[in-house]
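Visitor: Working from the sequences, and respecting the hints, build out all of it.
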Amino acid sequence: MQDPIFVQLKALISAYIDVAEDELDMNADLDLVYDMDSTEMTEFAKEVENKFGIPALKSERSSWESGQAIYAFILARQADNRVCA
1 MQDPIFVQLK ALISAYIDVA EDELDMNADL DLVYDMDSTE MTEFAKEVEN
51 KFGIPALKSE RSSWESGQAI YAFILARQAD NRVCA
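Residue numbers (full-length UniProt numbering): 1 to 85.
These are computed hints drawn from the structure, not numbers from a lab.
Don't be surprised by glycine CBs; every beta carbon is placed ideally from N, CA and C.
Hints may be right or wrong, so weigh each one.
[What the hints assert, rightly or not] Beta-carbon label-pair distances, calculated as ranges:
{"hint": "1", "residue 1": "Glu-47", "residue 2": "Ala-76", "range": "14 to 24 Å"}
{"hint": "2", "residue 1": "Leu-57", "residue 2": "Asp-31", "range": "13 to 23 Å"}
{"hint": "3", "residue 1": "Asn-27", "residue 2": "Pro-4", "range": "17 to 27 Å"}
{"hint": "4", "residue 1": "Ser-59", "residue 2": "Asp-22", "range": "24 to 34 Å"}
{"hint": "5", "residue 1": "Ala-72", "residue 2": "Val-33", "range": "12 to 22 Å"}
{"hint": "6", "residue 1": "Leu-32", "residue 2": "Lys-58", "range": "17 to 27 Å"}
{"hint": "7", "residue 1": "Glu-21", "residue 2": "Glu-43", "range": "17 to 27 Å"}
{"hint": "8", "residue 1": "Ala-69", "residue 2": "Thr-39", "range": "29 to 39 Å"}
{"hint": "9", "residue 1": "Ala-15", "residue 2": "Gly-53", "range": "13 to 23 Å"}
{"hint": "10", "residue 1": "Asn-50", "residue 2": "Asp-18", "range": "15 to 25 Å"}
Guide: Shown next as structure tokens:
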């Protein structure tokens, strides 16, 4: 069974770039493979914030090369929030 956050993120990316979920490679480079440029990544970061309640600074988004990298970012930020709470 996959992590619900992973499943939700994959669905969010899939809908955003208009690619079927079963065809989306979460390890693929979002820019090179799916043509998701920096402007789109900025817009997508807003989607992530709305869905998961986690804002991302531009400097933090620089590591968002793949869906897997975004997933790792979300998990790390959620862990940070639990530690601080």
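Visitor: Hint by hint, say whether it matches the structure.
Guide: Here is what the structure says about each hint:
{"no.": "1", "hint": "Glu-47 x Ala-76: 14 to 24 Å", "in the structure": "holds, 18 Å"}
{"no.": "2", "hint": "Leu-57 x Asp-31: 13 to 23 Å", "in the structure": "holds, 19 Å"}
{"no.": "3", "hint": "Asn-27 x Pro-4: 17 to 27 Å", "in the structure": "holds, 19 Å"}
{"no.": "4", "hint": "Ser-59 x Asp-22: 24 to 34 Å", "in the structure": "holds, 33 Å"}
{"no.": "5", "hint": "Ala-72 x Val-33: 12 to 22 Å", "in the structure": "holds, 18 Å"}
{"no.": "6", "hint": "Leu-32 x Lys-58: 17 to 27 Å", "in the structure": "holds, 20 Å"}
{"no.": "7", "hint": "Glu-21 x Glu-43: 17 to 27 Å", "in the structure": "holds, 20 Å"}
{"no.": "8", "hint": "Ala-69 x Thr-39: 29 to 39 Å", "in the structure": "violated, 18 Å"}
{"no.": "9", "hint": "Ala-15 x Gly-53: 13 to 23 Å", "in the structure": "holds, 19 Å"}
{"no.": "10", "hint": "Asn-50 x Asp-18: 15 to 25 Å", "in the structure": "holds, 18 Å"}
Of the numbered hints stated above, the single one contradicted by the structure is hint 8.
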